[in-house]
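Anchor point for the sequence shown: position 10 equals 10 in the working numbering, and the numbering is continuous, going up by one each time.
Hint data in this document are derived by calculation from the structure and do not stem from the laboratory. There could be a bad hint or two in this list.
Straight line, CA to CA, 20 Å or less: simulated EDC-like cross-link-like pairs of lysine to aspartate or glutamate [what the hints assert, rightly or not]:
(1) Lys170 <-> Asp106
(2) Lys167 <-> Glu91
(3) Lys76 <-> Asp146
(4) Lys170 <-> Glu103
(5) Lys76 <-> Glu103
(6) Lys167 <-> Glu103
(7) Lys142 <-> Glu103
Cβ pair distances, simulated, as ranges [claimed, not checked]:
(8) Val138 <-> Ser55: 42 to 48 Å
(9) Glu94 <-> Ser55: 48 to 54 Å
(10) Asn90 <-> Ile59: 30 to 36 Å
(11) Gln107 <-> Trp52: 48 to 54 Å
(12) Asn90 <-> Ser55: 37 to 43 Å
(13) Ile53 <-> Ile153: 17 to 23 Å
Quick caveat, the model's predicted, so the values are computed rather than measured. C-beta: ideal position from N, C-alpha, C; glycine also.
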Amino acid sequence: MAQAQFQVPQVSEGGAPPNPHFQAANYGNPITALFCVIFKGSAIAFYIFCGWITSSFIIHFVVVTILMALDFWTVKNVSGRILVGLRWWNEIDEQGISIWRFESLDQQSMSRINQNDSWLFWTSLYVTPAIWTVFGIVSLLKFSFDYLLLVCISLTLCSANIIGFTKCRKDAKKQVENFARHAVAEGMREAMTGGLAKGLQKTLGL
Numbered sequence: 001m002a003q004a005q006f007q008v009p010q011v012s013e014g015g016a017p018p019n020p021h022f023q024a025a026n027y028g029n030p031i032t033a034l035f036c037v038i039f040k041g042s043a044i045a046f047y048i049f050c051g052w053i054t055s056s057f058i059i060h061f062v063v064v065t066i067l068m069a070l071d072f073w074t075v076k077n078v079s080g081r082i083l084v085g086l087r088w089w090n091e092i093d094e095q096g097i098s099i100w101r102f103e104s105l106d107q108q109s110m111s112r113i114n115q116n117d118s119w120l121f122w123t124s125l126y127v128t129p130a131i132w133t134v135f136g137i138v139s140l141l142k143f144s145f146d147y148l149l150l151v152c153i154s155l156t157l158c159s160a161n162i163i164g165f166t167k168c169r170k171d172a173k174k175q176v177e178n179f180a181r182h183a184v185a186e187g188m189r190e191a192m193t194g195g196l197a198k199g200l201q202k203t204l205g206l
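Start from the sequences and build out the full structure, keeping to the hints where you can.
Laid out in structure tokens, this is it:
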């Protein structure tokens, strides 16, 4: 996996513990953090209160779908890269095989990721589909199959990012583990080589 070429975002000092209340001072990238949740929140809010605005299902469907599509693109291409240092995409090769591609910052850069940024990203990533699942159950119980379709589309967009970023995070951890094992093995090899050289010098009286 090739490492990402993007710059490490500037993070805030102090490393305050995760705070569920959005306070810009606690976030390294408050604007990006805001856009990480604004489309999700807008789609959910519109889904809940759309009946007060208009009775047209077409409008409900179009607005929610657009908001969730914007959220999918923003999280995949912007929020994930800046807030947690991860990026993923999927390619289809000439044989028609789906190939996952991952990018991540190096270990030193990842250690400088703001913890509140990371907390907000992962929490919103996993909580959002849970909310849509509840909406889906309610739609099913009400036999509102048109709204159930809308929920399924929203869940599909959410799930794509969950799968992509979960795979990407596992791949990044594997890279760190491989690097650590290689560093330990290299250190042991150098130590053994140095020890043998010193022993040989002592034996020869050098």
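Outcome of the hint check:
Under the criterion of a C-alpha separation no larger than 20 Å, the hint pairing Lys170 with Asp106 is consistent with the structure, at around 14 Å. Taking the CA atoms of Lys167 and Glu91, the gap is near 15 Å; set against the 20 Å cutoff, the hint holds. Between Lys76 and Asp146 the alpha-carbon distance is near 27 Å, which puts this suggested pair outside the 20 Å criterion. For the proposed pair Lys170 and Glu103, the alpha carbon gap of about 11 Å is at most 20 Å, so the pair holds.
A distance of roughly 12 Å separates the Cα atoms of Lys76 and Glu103; the hinted pair therefore holds under the 20 Å criterion. For the hint pairing Lys167 with Glu103, the CA-to-CA distance comes to about 11 Å; that is within 20 Å, so the pair holds. The straight-line distance between the Cα atoms of Lys142 and Glu103 is roughly 43 Å, outside the 20 Å bound, and the hint therefore fails. At about 18 Å, the beta-carbon gap between Val138 and Ser55 misses the expected band of 42 to 48 Å.
A hinted range of 48 to 54 Å holds for the C-beta pair Glu94 and Ser55, which are about 49 Å apart. Against the hinted window of 30 to 36 Å, the Cβ-Cβ separation of Asn90 and Ile59 comes to about 31 Å, which satisfies the hint. The beta-carbon spacing between Gln107 and Trp52, approximately 50 Å, falls within the hinted interval of 48 to 54 Å. The supplied range of 37 to 43 Å is met by Asn90 and Ser55, whose beta-carbon atoms lie about 38 Å from each other.
Between Ile53 and Ile153 the beta carbons are some 20 Å apart, a value that agrees with the proposed interval 17 to 23 Å.
Hints 3, 7, 8 from the list above are not met by this structure, while the remaining hints are.
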